[in-house]
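Protein chains: 2
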Amino acid sequence: MKVAVDAMGGDYAPHEIIKGAVEAAREFGITVVFVGDEVAINLELSQYREGQPFSYEVVPTTQVITFHDHPSEVLRTRKDSSLYRAIQLVAENKCQAIVSAGNTGAQMAISLFVLGRIRGVLRPGLITAIPSISDGPFYFIDIGAVADCVPENILQFARMGQVYYRLVTGKETPTVGLLNIGEEAEKGSRQMIEAHKLLAARSPGFIGNIEPKEAFRHAADVVVSDGFTGNIFIKTMESTAETLFGMMKTALGSSIKGKVGGVLAHSNLRLVKEKLDYSQYGGVPMLGVKGISIVCHGRSDATAIYHAIRVARNVSDEGLVTKLEALWK
Amino acid sequence: MKVAVDAMGGDYAPHEIIKGAVEAAREFGITVVFVGDEVAINLELSQYREGQPFSYEVVPTTQVITFHDHPSEVLRTRKDSSLYRAIQLVAENKCQAIVSAGNTGAQMAISLFVLGRIRGVLRPGLITAIPSISDGPFYFIDIGAVADCVPENILQFARMGQVYYRLVTGKETPTVGLLNIGEEAEKGSRQMIEAHKLLAARSPGFIGNIEPKEAFRHAADVVVSDGFTGNIFIKTMESTAETLFGMMKTALGSSIKGKVGGVLAHSNLRLVKEKLDYSQYGGVPMLGVKGISIVCHGRSDATAIYHAIRVARNVSDEGLVTKLEALWK
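Protein chains in written order, with our numbering: chain A, 1 to 329; chain B, 330 to 658.
It should be emphasised that the hints constitute simulated quantities derived from the structure, not laboratory data.
Nothing here was measured: the structure is a model prediction, and the numbers come from that model.
It cannot be assumed that every hint is accurate.
[As the list claims (entries may be wrong)] Below, computed lysine-lysine pairings styled on DSS-like, alpha-carbon distance capped at 30 Å:
id, chain 1, residue 1, chain 2, residue 2
1, B, Lys602, A, Lys257
2, A, Lys2, A, Lys290
3, B, Lys542, A, Lys213
4, A, Lys273, B, Lys602
5, B, Lys619, B, Lys423
The following block holds chain A by itself, in its conformation from the complex (with noise of 0.2 Å):
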């Protein structure tokens, strides 16, 4: 299997984006395609002379997407970029894959664009783990690619969360739950009262609205949402979550008694930490477009990168494009 990997694309490109992608074609006998810089990539590939084997191939490109340009614009004007070759590797099947840190609206306006829509779907989405309190995550779609959505948008955003589910966990049928401001079913915005509706009709596995508490507690295994409402969700998710571990630092720092607790238990706190740092989970997959694009946040490090790739290798192995091709036929 061959992973194309966007060796410009991200804040700690080309250096951590490598050391994770040559890890990864370590440890999974993959063939790993880097795409960029030549002489940048083959300046950091130096480094990995030594140690175990791995199998890589080098295409150079001349241009950059930075994380300014607009996705509308790198379609026309970046086709030598990095990411635009790294896609156009997957349709052309010289990749199985591709994986990049970069601009995430250049990169799903590219996959988009290059590897075309599965016939059917609407508007592909970003779909994403998140630790609950019980032992598994829950899934979260969309995060971010469709800002205005249509209630079909997000029954199809439930039924290629489900086969994602299905495929990441084994459960035959997923359930669904639709991320709202109450649990009636006539609860929320109007977009919200007719996605409500349409996913009561017709998608098996729906068990109605969720509130962010609920979600938090693996009330149901898919959540779903429009890319505007769910990208919010995500950042505040983020963002309480760094500023309380900001606060709880300056507290514990505050007196000696403080100091000497948090000493004591900061490998406890740190295994918190850990279950809800994002790159152990790696890159998010592009649901609805044909063939596999994995996104990874920006400030990914080698280890998201690692993880990215290993996402990347187990939707291919499992026939993701295939299965949610068969919703639609």
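Following the hints, put chain B in place on chain A, whose structure we already have.
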């Protein structure tokens, strides 16, 4: 000054409600007017015969509104409920404010119907204080009054939020940020792009879109949003914090070292929990109705009610309604 207190509303009514109101009456030298079941109220009040005297009245009612009652129905069928009568006391100028921890939807509907809207206000909104990493809290509006907003609603929330922030802090021109999924003006849903344009053109102090992370850093004094997104934002924040504290408790209990550390760090971590504790902020005023209607959390204890009455007194003293009316003169 007289504050009407819905003695029957809330998870811990009437006990905690009356306890908090008695404390407030003693501390602030105001009169609390308890509205609700006369027998139940007098039974509770019998506990406070000893100690510092305080001023109170009892207005007996025969009906109760539960959390399951629908706002539209209570308007027709619950005119002798504690909540309805308490709000009427404000409309009749017999009280200067009303405080309830009961059904929020019902309180908003009755306040709107009985007190009426301030001339010029399209839809009243709910504002709340949220702790930030910096010293002072920022204020967020709307946390759930208006699920379906047009951009003009959001502009009005911004203006009313600024008046409230000025009243609480004394800052002449509070800054305003629009909660959104990206900083650039063209980010977000169509609704938010339009709201951004309107705020940029007509809201002095508008600093642009802000993401949740920036909100917690107090990037703006007043953060505005539609009520659906705002309710998801605040509930996600609350439940992330609860989930984290739950996980930490479990993690600290998993080893001796963790347990000892947890005990030592307890008082420090408690500070963080207290900083996040909504009950310190009491209740939140409904902005845009012709009267002071303070909405409290259903789980409000005596401390929350005490602080809610403090808020009621302060905003009454500062002439909140007159200041809001001036916006549309």
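* Numbers of unmet hints, in rising order -> none
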